[in-house]
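Q: Below are the chains, spelled out letter by letter.
There are 2 protein chains.
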Amino acid sequence: MTVSEQTLVPGAGRTAAPPRLGTVVMKFGGTSVGDPERIKRVAGRLVAAREAGARVVGVVSAMGRTTDELIGLAREVASRPDPRELDMLLSTGERISCALVAMAARELGHEAISLTGSQAGIITDSVHTKAKIVEVRATRINAALDRAQIVLVAGFQGMSATRDITTLGRGGSDTTAVALAAALGADACEIYTDVDGVFTADPRVVPDTRKLAAVTYAEMLELAAAGAKVLQLRSVEFARNHGVRLHVRSTFGDEPGTWVIEEDEHVERAAISGVTHTVEEAVYRVQGPTPAVLFPALAGAHVNVDTIIQTSSDVIVFSAPLEDRGTTAGVLDELGASWSERDDLGKVSIVGAGMKSHPGVAARTFTTLRDLRIEPQFISTSPIKIAFYVPHGEVEEAVRALHAAFELGSDTEVRRG
Amino acid sequence: MTVSEQTLVPGAGRTAAPPRLGTVVMKFGGTSVGDPERIKRVAGRLVAAREAGARVVGVVSAMGRTTDELIGLAREVASRPDPRELDMLLSTGERISCALVAMAARELGHEAISLTGSQAGIITDSVHTKAKIVEVRATRINAALDRAQIVLVAGFQGMSATRDITTLGRGGSDTTAVALAAALGADACEIYTDVDGVFTADPRVVPDTRKLAAVTYAEMLELAAAGAKVLQLRSVEFARNHGVRLHVRSTFGDEPGTWVIEEDEHVERAAISGVTHTVEEAVYRVQGPTPAVLFPALAGAHVNVDTIIQTSSDVIVFSAPLEDRGTTAGVLDELGASWSERDDLGKVSIVGAGMKSHPGVAARTFTTLRDLRIEPQFISTSPIKIAFYVPHGEVEEAVRALHAAFELGSDTEVRRG
Numbered sequence: 000m001t002v003s004e005q006t007l008v009p010g011a012g013r014t015a016a017p018p019r020l021g022t023v024v025m026k027f028g029g030t031s032v033g034d035p036e037r038i039k040r041v042a043g044r045l046v047a048a049r050e051a052g053a054r055v056v057g058v059v060s061a062m063g064r065t066t067d068e069l070i071g072l073a074r075e076v077a078s079r080p081d082p083r084e085l086d087m088l089l090s091t092g093e094r095i096s097c098a099l100v101a102m103a104a105r106e107l108g109h110e111a112i113s114l115t116g117s118q119a120g121i122i123t124d125s126v127h128t129k130a131k132i133v134e135v136r137a138t139r140i141n142a143a144l145d146r147a148q149i150v151l152v153a154g155f156q157g158m159s160a161t162r163d164i165t166t167l168g169r170g171g172s173d174t175t176a177v178a179l180a181a182a183l184g185a186d187a188c189e190i191y192t193d194v195d196g197v198f199t200a201d202p203r204v205v206p207d208t209r210k211l212a213a214v215t216y217a218e219m220l221e222l223a224a225a226g227a228k229v230l231q232l233r234s235v236e237f238a239r240n241h242g243v244r245l246h247v248r249s250t251f252g253d254e255p256g257t258w259v260i261e262e263d264e265h266v267e268r269a270a271i272s273g274v275t276h277t278v279e280e281a282v283y284r285v286q287g288p289t290p291a292v293l294f295p296a297l298a299g300a301h302v303n304v305d306t307i308i309q310t311s312s313d314v315i316v317f318s319a320p321l322e323d324r325g326t327t328a329g330v331l332d333e334l335g336a337s338w339s340e341r342d343d344l345g346k347v348s349i350v351g352a353g354m355k356s357h358p359g360v361a362a363r364t365f366t367t368l369r370d371l372r373i374e375p376q377f378i379s380t381s382p383i384k385i386a387f388y389v390p391h392g393e394v395e396e397a398v399r400a401l402h403a404a405f406e407l408g409s410d411t412e413v414r415r416g
Numbered sequence: 000m001t002v003s004e005q006t007l008v009p010g011a012g013r014t015a016a017p018p019r020l021g022t023v024v025m026k027f028g029g030t031s032v033g034d035p036e037r038i039k040r041v042a043g044r045l046v047a048a049r050e051a052g053a054r055v056v057g058v059v060s061a062m063g064r065t066t067d068e069l070i071g072l073a074r075e076v077a078s079r080p081d082p083r084e085l086d087m088l089l090s091t092g093e094r095i096s097c098a099l100v101a102m103a104a105r106e107l108g109h110e111a112i113s114l115t116g117s118q119a120g121i122i123t124d125s126v127h128t129k130a131k132i133v134e135v136r137a138t139r140i141n142a143a144l145d146r147a148q149i150v151l152v153a154g155f156q157g158m159s160a161t162r163d164i165t166t167l168g169r170g171g172s173d174t175t176a177v178a179l180a181a182a183l184g185a186d187a188c189e190i191y192t193d194v195d196g197v198f199t200a201d202p203r204v205v206p207d208t209r210k211l212a213a214v215t216y217a218e219m220l221e222l223a224a225a226g227a228k229v230l231q232l233r234s235v236e237f238a239r240n241h242g243v244r245l246h247v248r249s250t251f252g253d254e255p256g257t258w259v260i261e262e263d264e265h266v267e268r269a270a271i272s273g274v275t276h277t278v279e280e281a282v283y284r285v286q287g288p289t290p291a292v293l294f295p296a297l298a299g300a301h302v303n304v305d306t307i308i309q310t311s312s313d314v315i316v317f318s319a320p321l322e323d324r325g326t327t328a329g330v331l332d333e334l335g336a337s338w339s340e341r342d343d344l345g346k347v348s349i350v351g352a353g354m355k356s357h358p359g360v361a362a363r364t365f366t367t368l369r370d371l372r373i374e375p376q377f378i379s380t381s382p383i384k385i386a387f388y389v390p391h392g393e394v395e396e397a398v399r400a401l402h403a404a405f406e407l408g409s410d411t412e413v414r415r416g
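Line by line, the protein sequences are chains A and B.
Each residue of the first sequence is one higher than the last, beginning at 0 in numbering that gives the first Met the number 0.
Each residue of the second sequence is one higher than the last, beginning at 0 in numbering that gives the first Met the number 0.
Chain A extracted, bound-state conformation (with noise of 0.2 Å):
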């Protein structure tokens, strides 16, 4: 079957593909496989969900901190490394990681194969460093699963149609992960990582976070778009297109972590899931070019735009990662923009999928900030977010009081399913 990022049908890999019974993909980032210890545990949580019966693939993200490695090799050999060589270069870490894990089943008594993103079938477009899945022909994962093996999936990477080698970008193992469930028709797909789900807030900044035992794909994507690190965006937009169950959960331990669902799954509904914040925005003041040139720009150049606010009729205020700095910054001059530019500006972000039904949420933050003479910038909103700017050293202080005044702590009510 044709599994794409691009093909934005709700659900459609559901109905094209019916879950066969069984079939699961664990994902496991790179502090899950950090050393052989960690490998080996990774092995055993494979073999334990296969011998429970199920067909299981793997899919894993490079040794702690190889990727980083590996970029700072190629910075010192080139200024500008080249974008298909470092595809090249950094598929490497994936493939390392991927058959030390099936070294570690088979050595447990199991049949396991590793796969690269090219033996597994997935096939990219040719954006080196950022490609995006265009299909997934799983007809050799498919033929391990029904010899009973373990099969394991270096993450991260695809092969492009001139069969070189592609990366998918930060975080792209996670969107290998779904694009393989969505292509097996799996039951889940599990995210083990190094935290136990996803929490009300960061929990290195609200003490009190409480961890939601389920999450809607549309509270997801705000908290992940938010800078909550536990998903990559892209991959809960593409599990929401082909409505693939997510499980975050921890790798070291055995509770249940967070589902991620549709709406309709999810029983009760509170006003607000969380209070999420991100310092890794900068802020783009821009006049000049008109938003039908400038954004096509950016796209073209692969910046994701983060938040929009025009704020008068030649004025356009977008936000977009600190880590594109550059490169938006070689869009803007190219289009002849004057322009400026702030980094000393978080975004806080308050997201539920209930707010629809809660009125006085927006209210209840406005008021909340203004006890704390906290004055909001650039405020962004949807149907299930309000999003603000405010000034670095206040950030922090935001976020805790807009958790408590939303009861969102371990002490308040429980009121999720």
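Errors might be hidden in some of the hints.
As the list claims (entries may be wrong) - Using 16 Å as the maximum straight-line C-alpha spacing, the simulated EDC-like pairs for lysine to aspartate or glutamate come out as follows:
# : chain 1 : residue 1 : chain 2 : residue 2
1 : B       : Lys-129   : B       : Asp-163
2 : B       : Lys-129   : B       : Asp-342
3 : B       : Lys-131   : B       : Glu-110
4 : B       : Lys-39    : A       : Glu-75
5 : A       : Lys-39    : B       : Glu-110
6 : B       : Lys-39    : B       : Glu-110
To be verified - Sample of chain A residues with no beta-carbon within 10 Å of chain B, all distances over it, derived:
#  : residue
7  : Gly-52
8  : Glu-84
9  : Ser-113
10 : Val-302
11 : Ile-378
12 : Pro-382
For the record, the hints were derived by calculation from the structure and aren't laboratory data.
Keep in mind the model is a prediction, meaning the values are calculated, not measured.
We treat Cβ as the ideally placed atom computed from N, Cα and C, and that holds for glycine.
Position chain B relative to chain A; hints supplied.
A: Positioned in the frame of chain A, the structure of chain B alone reads:
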């Protein structure tokens, strides 16, 4: 064209594909690409060859001790790592270094592209960790060379008919380079290494060794088999069978090294080219199985038997690499042989294509040893070699005395073309 390690037709490669003017394959070992600075230097060499007008193919090994580190990781997760998974793991080392060299060449302003063994069209059998090349489909390399790109190929690896990644065994990058040189009809295959060429003896043992300007394939085969580590045995066989001219030289200097060529290209012949030695073999004494049973069984287990000496009608003595010790023992036990093993013997070999026409080499060898009161054991000869085993402690003394006896030192007359 088909360039197979199995097709043992001398010079076949040359006849089938006349050399294109100016194609050169340059192979760099692990030490040569050991760190970013060295990688840049390798890129500089490739670029210089390209600027001189050549069609340039670079073959690189894994950086420094990468392969050993990866093997170490494998052993931490599995007591007997699966060979297929080991190949998936180990092949990443060369991919890393060839991507980095390609980046560094681009940094110098030249188009460059890296290819995995599979992308380079290196098709092997499916004997994981010791695969043999069965075919080189050089379409993609030729297309890149036609676009004036410098082509980097990951050494040591290929792809089997089942599209699994294979590796060619220790030193396999030499074989990759020779196979590509044959398939491309290259004018030369330059093997860059951390020594200046082929010497009359190991410089660590003999102080006044001399670099040889040229040796024949046959001499190089005996030298490689006898422990001179500058070239992998298989790559020399492959070069001879396909008429590939090898040039062994230093990565760190510009002086010519040692050419490995046909005997008829050699103008002058000295009796002896070199004295070499190894202490990395075990000697087995076997009773029970006949040679017709024993050696096929060892070959089937991929044990590279070196010297074979039949001392009596029912005793077989042979040597094999220390690293194949476990496998060898397994085969012998399986055959129900009664056997013993010695690992305290080293082999000394005197090699020279001129030996055939210079009588008295054997006589001088054994009188030299007698004067030292060294008693050679398990003597074995070929038309261009005399080899014998002595206890480890006597190896270096024997090498030094024979090197002097045959006047091979740098202070003696240089008699080679």
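Q: What hint numbers does the structure not satisfy?
A: 2, 3, 5, 8 and 9
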